[in-house]
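Protein chains in written order, with my numbering: chain A, 1 to 129; chain B, 1001 to 1182.
If you are wondering where the hints come from, they were derived from the structure by calculation, not from laboratory data. Be aware that one or more of the hints could be misleading.
What the hints assert, rightly or not - Each computed DSS-like pair below joins lysine-lysine, with the alpha-carbon atoms no more than 27 Å apart: (1) Lys1110/B x Lys65/A; (2) Lys50/A x Lys106/A; (3) Lys1110/B x Lys1052/B; (4) Lys1048/B x Lys65/A; (5) Lys58/A x Lys106/A; (6) Lys1115/B x Lys1076/B; (7) Lys85/A x Lys50/A; (8) Lys106/A x Lys1111/B; (9) Lys51/A x Lys106/A; (10) Lys106/A x Lys1076/B; (11) Lys57/A x Lys106/A; (12) Lys5/A x Lys106/A; (13) Lys5/A x Lys51/A; (14) Lys1025/B x Lys106/A.
Please read all numbers here as calculations on a predicted model, not as lab measurements.
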Amino acid sequence: MENIKITGSRGVFFIPSVDFNAETGVCEISGESYLEDTFQFYEPLINWLKKFTAEAKKPILFNIKLTYYNTSTSKYLLDMFDILKIYEDNNGKVALNWYCEAEELKFVEEDVEDYMIQTGLNINIITTN
Amino acid sequence: MKDTNYISFYNFYKPYSENVHLSFKGPLDKNVIAVMGDLVNRNLGQNKVQGKLIFSVFIELALNISYYSDEFVDYKNPDKRIGVGIVIISEYSNYYTITTGNVVSNHNIKKIIDKCNTINSMNRDELRRIKRDMRRLPSGTHGGSNIGLIQVALTSENPLHYDVSRIDESNSFFSILVTINK
C-alpha cells in the first residue's frame, strides 16, 4: 500500500498537511483546513483508511493536529472516525490523539466530546504550549 | 445616470470609518472569502483565540451567501454560480460584530427565519446535539455542511440577530448580525 504525503500550505486556500504511513500505521493531519473542494481533498484519505483497515490489519495511531477546520471539513473527519470505530469493533487496534494548544482547550474539548459521543471512539486530548 | 465624476466617495466612506474593519459587497467567491478570512485571522481580535473566533464566524456566514444567496453571478457557467451579498466586520468597545446580508427569495425566507429562531431558543447542549445530528446528514448541494449557522451560534455564544426587509413580491433581503465578545 502506498503512503499519502501532502505538504500543507496557506495560499489562497488553507490546505492541511497529511501523512498517512502504511508501514507504521501512523496517520496525521495537521495545519488548517479550508478548501476549495473539501470532498475532493478528503475522499482519497477516506478511501486510504478503508483500504488500510481492510488489508493491513496493523495498529493505527491517528493524530489530529488541526488548528482550524471549517464545518464541511468536520463532516469528513467524522467519516474517518467512523472507519476507525468499525476497525476497532473488528478487533483492530486504534489510538486517536487530538493535539491542541492550551488556550484553545475549551473549544477543542467540546468538539472532541461531540466526536466521541457520535462515534463511540475514545479520543485523547494532548495539550501543547 | 448621474455623472460619477461628481460623486464624493467620502460620504460613502465616512460612516464606515469609525468601527468598520472590513466591508465587501459583491460575489462571494470562495477565493475572495479565503483571502479576506486570512486578513481577518491575522489582524483582528485581542488575542489569537479571539481572532480565530471572528474568522470562523466570518467564513461560515460568507460561505452561506456564496452557496445560497438568491442573487448571484454565474460567469456564463451554471456550475460556477456564486452568491452575491454584503459582509461587514466591525469593532466596538466590548465586542466585534460580523454582519452579512443577501437576497433571499420569499419562498425560502421562512425556512431561514425558522432556523434562526430554533437556534436562538436552544441552550448550548441542545445546539451541540442538533449539530451532531445534522452532521450525519448528506452534504448540501454545494458541498456545504448544513451546520454552519449552528456552529456560528456556538462560536458566538450570543443570540443570532436577524432582520428581513421585503424587496418586492419575489424577494426579501436577509440580514444577520453575530457578536463575538471581547
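Q | Broken hints, by number | A | Hint check: 1, 2, 3, 5, 6, 8, 9, 10, 11, 12, 14 fail, others pass.
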